[in-house]
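There are 2 protein chains.
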Amino acid sequence: MACGIAQALERIGDWWTLLIVRDALFGLSTFDEFRQSLGIPRNTLSTRLSDMVEKGILICEDDPQDGRRKLYSLTDQGRDLWVILLALQQWGNGWIYGPERVPSYMADRETMTPIEQLSPRAADGRALTLEDVTMIEGPGATPLLKAFFDMLNAENAPDTDQSN
Amino acid sequence: MACGIAQALERIGDWWTLLIVRDALFGLSTFDEFRQSLGIPRNTLSTRLSDMVEKGILICEDDPQDGRRKLYSLTDQGRDLWVILLALQQWGNGWIYGPERVPSYMADRETMTPIEQLSPRAADGRALTLEDVTMIEGPGATPLLKAFFDMLNAENAPDTDQSN
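Keeping their order, the protein sequence lines are chains A and B.
For the first sequence, this note's numbering assigns the number 1 to the initial residue and increments by one for each residue that follows.
For the second sequence, this note's numbering assigns the number 1 to the initial residue and increments by one for each residue that follows.
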């Protein structure tokens, strides 16, 4: 499906990927560290790590201290997933835990206080709520997708268009 | 696992949820509309929709125009997933498509231009990169989690602590 969301989900593959990225962001790097942190079966972890290397999310190198051991670290592409993790954490903390029961926050290292709630913004800096948002075509849109967005944005156009 | 990220992933359940939310955000509401848009098997869609209703992401009501038909719409909790979708879209557009091939953007309805790249910020408004970020305990942290964060933040503390 020609959609950044669908393609991102496909490349990520499954939830383990995001939990492995979370752990890698905070310093874990070996098979055993991931296995212990995640309680994930060995086979699943092994497949997942290879898949993440193949997809360009992780790099796998020999441990210079111990040649039989591999060290996994995030590529730039993998590191960039952190904003998705932050969005998931803010949603989970808000809707599942609530302020009294939050187990953890991503925090600003300088002040050790939680990161502000993510706030989507327009090009001119205005904060956007979902009501302000629509979907538009990009340069790679197929004719079908263009037609869909034309329809979507005609339907949703401001009051002048309500006669449709 | 006591972690907003892990709990968010568990509640979301699988990728279909996020694609259904995407479609619901942009106006789809019936079983047949979701099935057509997603090319998802009937049984899978049926299970997924019930699960999303049970978890409080969707509301299911009778269609006032056609009593045999159900209409699905997002709860506030479901609508709040849009920031996660935006983060996924920006990552997918950047790392999978690249600027020339992007099929679609979420856009500001006022100017019909793409939403700015999400920018995590500290409480005082400073833009944060991953290097500026750590994980800290919340009020609901277990003793084990607290110990982990103490260790993490001791290891990662600024230069004064490099002797460890």
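Just so you know, these hints were derived from the structure itself, not from any lab.
Careful, some of the hints might be misleading.
Copies of the same chain are indistinguishable here, so a pair counts whether it falls within one copy or spans any two.
To be verified - Here are the simulated SDA-like cross-link-like pairs (lysine to any residue), alpha carbons at most 25 Å apart as the crow flies: (1) 55 with 6; (2) 146 with 13; (3) 55 with 16; (4) 70 with 23; (5) 70 with 139; (6) 55 with 14; (7) 146 with 38; (8) 146 with 114.
Values in this document were obtained by computation on a predicted structure and should not be read as measured data.
Indices of hints not satisfied (ascending): 2 and 5
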